[in-house]
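2 protein chains.
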Amino acid sequence: MALSSSAVIHMNMNVKRFDMVRAQQELTLEIPKSKIPKRATHLVESICNAIHHHLQMDPHPPSRSIDLPSYYEEKLSTPTMSPREDISQKWRQIHGCFNWENILDPLHPWLRREIIKYGEFTQATYDAFDYDSFSEYCGSCRYNRNKLFDKLALSKNGYAVTKYLYAMSHIELPRWLERSHVADTWSRDSNWIGYVAVSNDQETRRIGRRDIVVAWRGTVAPFEWYEDFQRKLDPIGKKDAKVEHGFLSIYTSKCEKTRYNKSSASDQVMKEITKLVRLYEEKGEEISVTITGHSLGGALALLNAYEAAYAVPNNVPISVISFGAPRVGNITFKQELEEMGVKTLRVVVKQDWVHRMPGLVFNESFKVFEEIAGLEWVYTHVGSELKLDVGSSPYLKGGGMNLPGFHSLETYLHLVDGYLSSETPFRSEAKRDVALVNKCCDMLVDELRIPQCWYQLANKGLVCNDHGRWVKPKRDPDDIPSHDDDALVPDEMQRYMMNLVSS
Amino acid sequence: MALSSSAVIHMNMNVKRFDMVRAQQELTLEIPKSKIPKRATHLVESICNAIHHHLQMDPHPPSRSIDLPSYYEEKLSTPTMSPREDISQKWRQIHGCFNWENILDPLHPWLRREIIKYGEFTQATYDAFDYDSFSEYCGSCRYNRNKLFDKLALSKNGYAVTKYLYAMSHIELPRWLERSHVADTWSRDSNWIGYVAVSNDQETRRIGRRDIVVAWRGTVAPFEWYEDFQRKLDPIGKKDAKVEHGFLSIYTSKCEKTRYNKSSASDQVMKEITKLVRLYEEKGEEISVTITGHSLGGALALLNAYEAAYAVPNNVPISVISFGAPRVGNITFKQELEEMGVKTLRVVVKQDWVHRMPGLVFNESFKVFEEIAGLEWVYTHVGSELKLDVGSSPYLKGGGMNLPGFHSLETYLHLVDGYLSSETPFRSEAKRDVALVNKCCDMLVDELRIPQCWYQLANKGLVCNDHGRWVKPKRDPDDIPSHDDDALVPDEMQRYMMNLVSS
Numbered sequence: 000m001a002l003s004s005s006a007v008i009h010m011n012m013n014v015k016r017f018d019m020v021r022a023q024q025e026l027t028l029e030i031p032k033s034k035i036p037k038r039a040t041h042l043v044e045s046i047c048n049a050i051h052h053h054l055q056m057d058p059h060p061p062s063r064s065i066d067l068p069s070y071y072e073e074k075l076s077t078p079t080m081s082p083r084e085d086i087s088q089k090w091r092q093i094h095g096c097f098n099w100e101n102i103l104d105p106l107h108p109w110l111r112r113e114i115i116k117y118g119e120f121t122q123a124t125y126d127a128f129d130y131d132s133f134s135e136y137c138g139s140c141r142y143n144r145n146k147l148f149d150k151l152a153l154s155k156n157g158y159a160v161t162k163y164l165y166a167m168s169h170i171e172l173p174r175w176l177e178r179s180h181v182a183d184t185w186s187r188d189s190n191w192i193g194y195v196a197v198s199n200d201q202e203t204r205r206i207g208r209r210d211i212v213v214a215w216r217g218t219v220a221p222f223e224w225y226e227d228f229q230r231k232l233d234p235i236g237k238k239d240a241k242v243e244h245g246f247l248s249i250y251t252s253k254c255e256k257t258r259y260n261k262s263s264a265s266d267q268v269m270k271e272i273t274k275l276v277r278l279y280e281e282k283g284e285e286i287s288v289t290i291t292g293h294s295l296g297g298a299l300a301l302l303n304a305y306e307a308a309y310a311v312p313n314n315v316p317i318s319v320i321s322f323g324a325p326r327v328g329n330i331t332f333k334q335e336l337e338e339m340g341v342k343t344l345r346v347v348v349k350q351d352w353v354h355r356m357p358g359l360v361f362n363e364s365f366k367v368f369e370e371i372a373g374l375e376w377v378y379t380h381v382g383s384e385l386k387l388d389v390g391s392s393p394y395l396k397g398g399g400m401n402l403p404g405f406h407s408l409e410t411y412l413h414l415v416d417g418y419l420s421s422e423t424p425f426r427s428e429a430k431r432d433v434a435l436v437n438k439c440c441d442m443l444v445d446e447l448r449i450p451q452c453w454y455q456l457a458n459k460g461l462v463c464n465d466h467g468r469w470v471k472p473k474r475d476p477d478d479i480p481s482h483d484d485d486a487l488v489p490d491e492m493q494r495y496m497m498n499l500v501s502s
Numbered sequence: 000m001a002l003s004s005s006a007v008i009h010m011n012m013n014v015k016r017f018d019m020v021r022a023q024q025e026l027t028l029e030i031p032k033s034k035i036p037k038r039a040t041h042l043v044e045s046i047c048n049a050i051h052h053h054l055q056m057d058p059h060p061p062s063r064s065i066d067l068p069s070y071y072e073e074k075l076s077t078p079t080m081s082p083r084e085d086i087s088q089k090w091r092q093i094h095g096c097f098n099w100e101n102i103l104d105p106l107h108p109w110l111r112r113e114i115i116k117y118g119e120f121t122q123a124t125y126d127a128f129d130y131d132s133f134s135e136y137c138g139s140c141r142y143n144r145n146k147l148f149d150k151l152a153l154s155k156n157g158y159a160v161t162k163y164l165y166a167m168s169h170i171e172l173p174r175w176l177e178r179s180h181v182a183d184t185w186s187r188d189s190n191w192i193g194y195v196a197v198s199n200d201q202e203t204r205r206i207g208r209r210d211i212v213v214a215w216r217g218t219v220a221p222f223e224w225y226e227d228f229q230r231k232l233d234p235i236g237k238k239d240a241k242v243e244h245g246f247l248s249i250y251t252s253k254c255e256k257t258r259y260n261k262s263s264a265s266d267q268v269m270k271e272i273t274k275l276v277r278l279y280e281e282k283g284e285e286i287s288v289t290i291t292g293h294s295l296g297g298a299l300a301l302l303n304a305y306e307a308a309y310a311v312p313n314n315v316p317i318s319v320i321s322f323g324a325p326r327v328g329n330i331t332f333k334q335e336l337e338e339m340g341v342k343t344l345r346v347v348v349k350q351d352w353v354h355r356m357p358g359l360v361f362n363e364s365f366k367v368f369e370e371i372a373g374l375e376w377v378y379t380h381v382g383s384e385l386k387l388d389v390g391s392s393p394y395l396k397g398g399g400m401n402l403p404g405f406h407s408l409e410t411y412l413h414l415v416d417g418y419l420s421s422e423t424p425f426r427s428e429a430k431r432d433v434a435l436v437n438k439c440c441d442m443l444v445d446e447l448r449i450p451q452c453w454y455q456l457a458n459k460g461l462v463c464n465d466h467g468r469w470v471k472p473k474r475d476p477d478d479i480p481s482h483d484d485d486a487l488v489p490d491e492m493q494r495y496m497m498n499l500v501s502s
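Chains as they are written, first to last, in numbering that gives the first Met the number 0: chain A, 0 to 502; chain B, 0 to 502.
Honestly, the hints are just simulated from the structure, not real lab data. A portion of the hints provided could be inaccurate.
As the list claims (entries may be wrong) - Straight-line C-alpha distance at most 30 Å; calculated DSS-like pairs for lysine-lysine:
1. A/K473 / B/K253
2. A/K473 / B/K150
3. A/K473 / B/K231
4. B/K146 / A/K471
5. B/K396 / A/K459
6. B/K155 / A/K459
7. A/K473 / B/K89
8. B/K256 / A/K150
9. A/K471 / B/K231
10. B/K261 / A/K473
11. B/K150 / A/K150
12. A/K471 / B/K459
Modelling step: build the complete structure from the supplied sequences, incorporating the hints.
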């Protein structure tokens with residue numbers, strides 16, 4: 000009998016359906032009955048969980064009972080700064096010694112202000128970065144470390160930068176390194192990746208201890224990178240801890256032939272932290288180490304904290320405050336961090352995807368893995384979470400899939416500023432400048448009339464010279480990066496540091 | 000017999016092929032033999048011509064025997080201005096009285112400088128235009144007319160702006176009108192479309208006559224507009240002249256309800272031209288009218304010249320210098336312009352597409368149409384052509400399909416500056432600032448290290464106020480557009496104009 004092709008397909012489908020039913024029966028027969036419901040339940044739970052994440056992408060914009068433009072207009076003539084309370088008696092709680100229990104929801108105002116302070120330190124690593132691929136200094140900081148906070152209006156925070164950090168990677172990682180098109184450049188292999196800063200005397204009195212801050216710059220690590228993550232974990236430490244190999248490569252790579260990474264970012268930062276800790280310990284001061292970063296920088300912050308926990312005396316508390324950071328390591332990595340007392344506060348935005356990476360499906364909530372394959376290569380988040388919601392702010396466009404906007408650090412800082420608790424609406428007294436959100440993305444509602452991605456140089460840095468020609472001005476000599484970092488410290492900074500030491 | 004489906008298709012193809020051969024035979028039999036070769040030749044010629052245009056899109060970059068970066072570096076310390084010769088004895092030739100015969104190839108240096116002067120007047124209409132869709136003044140000029148040339152460093156040319164022009168369109172034209180997102184705006188219907196300026200006494204002496212300039216702003220008219228062009232010609236004048244209905248709509252639309260177009264652009268410009276001509280005629284001066292524009296602005300310039308030719312006395316010569324302008328009207332339009340003595344110099348870049356629009360196929364070279372349908376709706380270019388080639392400049396990226404770059408007015412001005420003749424390489428003494436080319440496109444070779452699209456405001460015009468908040472500053476009151484244009488003239492301008500009149 001000749002069969003039409005559609006009949007063949009139909010028959011094949013019937014065969015298949017039959018096979019599936021039989022296969023299911025066989026499966027049922029083979030597996031001991033007691034185990035099925037638990038596994039099935041966990042599997043369904045995990046997959047539902049993953050799907051649920053996907054469905055969270057379209058929050059409803061909040062209903063606006065206020066006339067937003069005039070409400071916003073009023074804010075423009077009020078200062079953005081809040082009073083700076085003396086938190087010296089409570090600093091250990093704010094620094095996370097009790098894992099921020101009972102002060103996250105509702106969010107304690109003192110903690111809110113500190114989170115924003117550290118977030119702004121991280122934002123500085125973006126704002127001062129030279130992205131200009133025609134600049135011979137592409138990938139460096141546009142200012143030397145003594146100018147950085149002045150240039151970015153962050154001197155108000157009362158910290159001084161003591162060290163710039165540079166990183167490279169032996170592994171070819173897509174789109175993380177900013178590179179100049181120019182042949183003769185300050186560095187072909189390294190990027191400015193962050194800095195170490197320390198609180199001055201006044202701020203030290205206010206916050207109750209000498210605070211050593213490390214801020215790590217992120218890159219918006221591309222999805223193709225995350226796709227490549229699964230199973231690419233490298234061991235760290237002496238136990239079974241493993242971490243994602245790309246993050247570890249950036250943190251630890253060095254090469255004698257380079258100018259800025261004869262030592263790795265890890266070597267640079269640990270040398271500076273131990274030097275500063277010893278300095279202030281000898282003076283009998285209380286000390287804290289606070290490590291912060293956004294996105295990839297949040298991952299580097301965690302690696303840094305892990306290493307610092309081994310190197311720094313036990314009485315020096317170490318905290319990580321990360322923003323939109325991805326998962327970094329396996330469950331042993333997490334356990335070791337906890338055992339060593341590293342406290343981690345992960346600030347995440349519900350609609351952002353990066354903090355769900357790597358391990359969108361295979362993560363700590365995918366419990367069935369415990370039984371199937373062990374947890375050696377399941378990525379796990381660590382610490383406490385402060386979860387923000389784009390939909391909570393009347394200033395933000397909620398809908399759509401604005402991934403750069405949801406992930407932007409300025410969006411995070413805006414949402415922290417407006418966060419009271421998971422149950423209450425956006426804080427009406429929030430004072431932080433709303434316009435900052437649109438610096439590098441398009442998140443603000445149109446009524447506010449703030450252009451998108453407005454953070455830009457006039458004429459991309461070109462200036463008209465005396466002959467009427469548009470030229471790129473030479474960089475101020477003291478802003479040219481130097482691999483011999485100490486040689487760059489001008490007299491004022493030396494004096495400033497002496498003050499820090501002698502006070 | 001059962002047939003496989005592929006066999007059926009094969010058979011169908013054979014049937015079709017057979018039919019086509021027969022159809023061709025029938026065609027051959029029906030048409031009188033004498034006519035075939037001519038028609039066929041013309042058809043083939045026209046289509047080859049069109050195809051040839053397509054193939055011109057990929058010029059080979061010139062071989063570079065010079066070390067471009069150091070060659071360019073040297074230029075940066077030389078002035079961009081050339082000496083300004085006294086052209087008062089030759090101005091009529093330079094203004095085109097002999098259709099620029101014998102001075103285009105090779106290009107006379109005096110004419111080159113004049114073309115660039117008028118090009119810069121046109122460029123001003125882009126450089127000063129407010130494109131910010133969050134500005135309540137979107138679509139206006141950012142400066143009042145007395146500041147315009149100072150702000151754009153064009154005062155060196157020795158002209159003063161006497162009138163701003165505004166246009167609207169009753170026809171819905173895609174993407175030509177820049178509109179504010181803001182509810183309360185200076186105008187919902189109109190855009191600043193150009194200006195009238197007049198030479199001051201010093202320049203008048205140098206160029207031998209009082210020169211009235213009209214500069215028309217273009218928009219990069221989108222392809223969907225051109226697609227719609229064919230057969231949409233409206234009559235103009237009293238004979239059979241017809242012009243593209245979109246251009247004519249912008250030039251002639253008015254509406255009593257609007258603030259800036261109670262009179263049309265045509266009414267505004269003609270009132271100003273006739274007023275100025277009368278003024279200087281009464282003083283016994285020699286006068287010229289020079290109308291310039293880029294892209295759509297070049298089309299408006301031609302419409303303006305057509306109208307002015309009827310209104311202005313015969314002894315006042317009228318010239319159009321257009322850059323990358325599309326075709327505007329039919330052959331009668333062209334003939335009338337020629338009969339009235341309007342001289343047109345069309346500057347075109349070989350790789351640009353806009354000057355081939357509308358009528359990429361059906362144009363003046365499509366001769367077969369004469370016989371088939373008459374020339375009533377065939378678009379025709381007018382005047383003389385100065386043809387530039389992107390491939391001639393060692394500074395420009397040649398390859399690819401960089402349509403915005405090929406069409407950019409700054410690319411045109413750069414190529415005019417470097418043009419000696421169609422046979423010789425780029426002029427090595429060309430002094431115009433090369434960096435200007437990349438203002439709003441990406442045309443310069445990477446070795447020059449000029450960022451693409453660099454013409455931008457710092458932070459898109461936001462400034463940090465006293466409270467540390469980023470806000471859009473209020474526009475300087477005397478730069479706010481006014482529909483009662485004369486009310487805006489400050490005292491200095493009044494005095495300046497009086498000087499012009501009394502000198």
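Among the hints numbered above, which are violated by the structure, and what are their numbers in rising order?
1, 3, 7, 8, 9 and 10
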